[in-house]
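Asker: Chain by chain, the residues run as shown.
There are 2 protein chains.
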Amino acid sequence: MDVLKAISERSSYRGSYKDTPVSKEDLRAIMEAGLAAPSGCNTQTTSLIAVNDPDLLAHIRQLTQSPMLETAPAVICVLTQRLIAYRDRSFYVQDYAAAIENMLLAAVGLGYQSCWIEGQITDRDAIGRKIADLLDVPDEYEMVCILPVGIAADSVKKAKKKPFSQRAWFNGFKTV
Amino acid sequence: MDVLKAISERSSYRGSYKDTPVSKEDLRAIMEAGLAAPSGCNTQTTSLIAVNDPDLLAHIRQLTQSPMLETAPAVICVLTQRLIAYRDRSFYVQDYAAAIENMLLAAVGLGYQSCWIEGQITDRDAIGRKIADLLDVPDEYEMVCILPVGIAADSVKKAKKKPFSQRAWFNGFKTV
Numbered sequence: 001m002d003v004l005k006a007i008s009e010r011s012s013y014r015g016s017y018k019d020t021p022v023s024k025e026d027l028r029a030i031m032e033a034g035l036a037a038p039s040g041c042n043t044q045t046t047s048l049i050a051v052n053d054p055d056l057l058a059h060i061r062q063l064t065q066s067p068m069l070e071t072a073p074a075v076i077c078v079l080t081q082r083l084i085a086y087r088d089r090s091f092y093v094q095d096y097a098a099a100i101e102n103m104l105l106a107a108v109g110l111g112y113q114s115c116w117i118e119g120q121i122t123d124r125d126a127i128g129r130k131i132a133d134l135l136d137v138p139d140e141y142e143m144v145c146i147l148p149v150g151i152a153a154d155s156v157k158k159a160k161k162k163p164f165s166q167r168a169w170f171n172g173f174k175t176v
Numbered sequence: 177m178d179v180l181k182a183i184s185e186r187s188s189y190r191g192s193y194k195d196t197p198v199s200k201e202d203l204r205a206i207m208e209a210g211l212a213a214p215s216g217c218n219t220q221t222t223s224l225i226a227v228n229d230p231d232l233l234a235h236i237r238q239l240t241q242s243p244m245l246e247t248a249p250a251v252i253c254v255l256t257q258r259l260i261a262y263r264d265r266s267f268y269v270q271d272y273a274a275a276i277e278n279m280l281l282a283a284v285g286l287g288y289q290s291c292w293i294e295g296q297i298t299d300r301d302a303i304g305r306k307i308a309d310l311l312d313v314p315d316e317y318e319m320v321c322i323l324p325v326g327i328a329a330d331s332v333k334k335a336k337k338k339p340f341s342q343r344a345w346f347n348g349f350k351t352v
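So the protein sequences, as listed, match chains A and B. For the first sequence, the numbering used here begins at 1 and goes up steadily by one. For the second sequence, the numbering used here begins at 177 and goes up steadily by one.
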């Protein structure tokens with residue numbers, strides 16, 4: 001799929017998934033897309049774990065109670081390390097966000113849907129740490145996001161957005 | 177260009193650019209790609225300004241002193257507003273990072289190169305604010321990144337990265 005088409009077709013899918021499995025090859029291709037994202041001073045702060053084992057998936061569903069994960073045949077868990085790029089600056093959030101966006105686009109390109117689930121994972125109840133423990137993730141990594149991956153069973157809807165003229169301009173800010 | 181190819185070919189280009197202009201249509205297509213990125217609770221915290229006016233570009237070059245901007249025939253400036261998505265949480269960094277990654281991929285898809293220039297813009301000397309003032313950007317927006325856009329005049333090199341097995345796993349963390 002053309003890159004501009006993938007970018008415009010990507011949406012945050014919150015429906016059910018078909019029970020068709022996602023092949024290991026496709027999960028790997030999506031993760032490779034994530035790892036291909038840039039990172040501040042090439043610190044490569046982002047790591048990934050794909051989960052398609054049914055028992056682990058059931059446990060993750062139980063921990064998150066997220067309807068977006070209920071029927072997904074696979075998920076990709078996003079881990080970060082807050083490594084310093086230079087002086088006192090870390091760009092770990094930018095790094096994992098770029099990696100996530102690459103994975104969302106790769107998923108669309110391969111015929112899947114997904115959704116960026118972050119707030120729920122990193123909120124006060126620390127669900128991310130519980131899932132990390134389930135997957136034997138060492139303490140120096142934080143789990144910050146889960147992406148369901150699967151073929152949509154429901155219709156795919158796009159978020160409504162402000163018009164271009166309210167968010168983008170040429171050669172200077174224009175009054176919104 | 178296929179989305180997976182664009183993802184794997186994208187690199188942080190630090191060479192010179194040809195003096196071929198970037199058409200307004202292409203700059204708009206790249207910005208539309210940026211605005212198509214998801215944002216936390218659809219807050220749409222990211223805004224963009226493309227600059228191809230020679231006088232403004234010269235002024236931006238003078239302010240940044242960045243070799244990466246020296247020959248670029250156009251730049252895209254990335255603005256953010258730290259809007260709350262829910263409770264006390266804002267995802268503005270994730271939002272603009274996803275938008276930037278989309279724009280880098282769109283640029284590659286359209287035959288251009290670019291580079292994510294952020295640290296230099298948001299460091300202690302506040303160059304971002306100076307460029308924002310030049311472009312009449314109100315105080316409630318922060319300028320966080322500049323993307324040069326143009327056709328590469330030099331060879332395009334890719335950053336060396338850790339192997340997949342050190343950053344991604346299936347069904348559980350594996351000792352690196």
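Quick caveat, the hints were computed from the structure, so don't treat them as lab data. Values in this document were obtained by computation on a predicted structure and should not be read as measured data. Glycine is no exception: its CB is placed at the ideal position from the N, C-alpha and C atoms. A hint or two may mislead.
[Said to hold, decoys possible] Quick look at which bits of chain A chain B covers, simulated, 3 or more residues with Cβ under 8 Å:
{"no.": "1", "region": "14 to 25"}
{"no.": "2", "region": "136 to 150"}
[As the list claims (entries may be wrong)] If you want the ones that stay clear, here's a sample from chain B, every Cβ over 12 Å from chain A, calculated:
{"no.": "3", "residue": "M279"}
{"no.": "4", "residue": "G285"}
{"no.": "5", "residue": "Q342"}
[Stated by the list, open to error] For the chain B half of the interface with chain A, some residues (derived, Cβ under 8 Å), not all of them:
{"no.": "6", "residue": "A205"}
{"no.": "7", "residue": "P214"}
{"no.": "8", "residue": "D330"}
{"no.": "9", "residue": "V332"}
{"no.": "10", "residue": "S341"}
{"no.": "11", "residue": "R343"}
{"no.": "12", "residue": "N347"}
Asker: Now tell me if each hint is right for this structure.
Answerer: Verification of the hints:
no., hint, result
1, 14 to 25, "violated (count 1)"
2, 136 to 150, "holds (count 4)"
3, M279, "violated (9 Å)"
4, G285, "violated (4 Å)"
5, Q342, "violated (8 Å)"
6, A205, "holds (7 Å)"
7, P214, "holds (6 Å)"
8, D330, "violated (18 Å)"
9, V332, "violated (14 Å)"
10, S341, "violated (11 Å)"
11, R343, "holds (5 Å)"
12, N347, "holds (5 Å)"
The structure fails to meet hints 1, 3, 4, 5, 8, 9, 10 from the earlier list, while all remaining hints are met.
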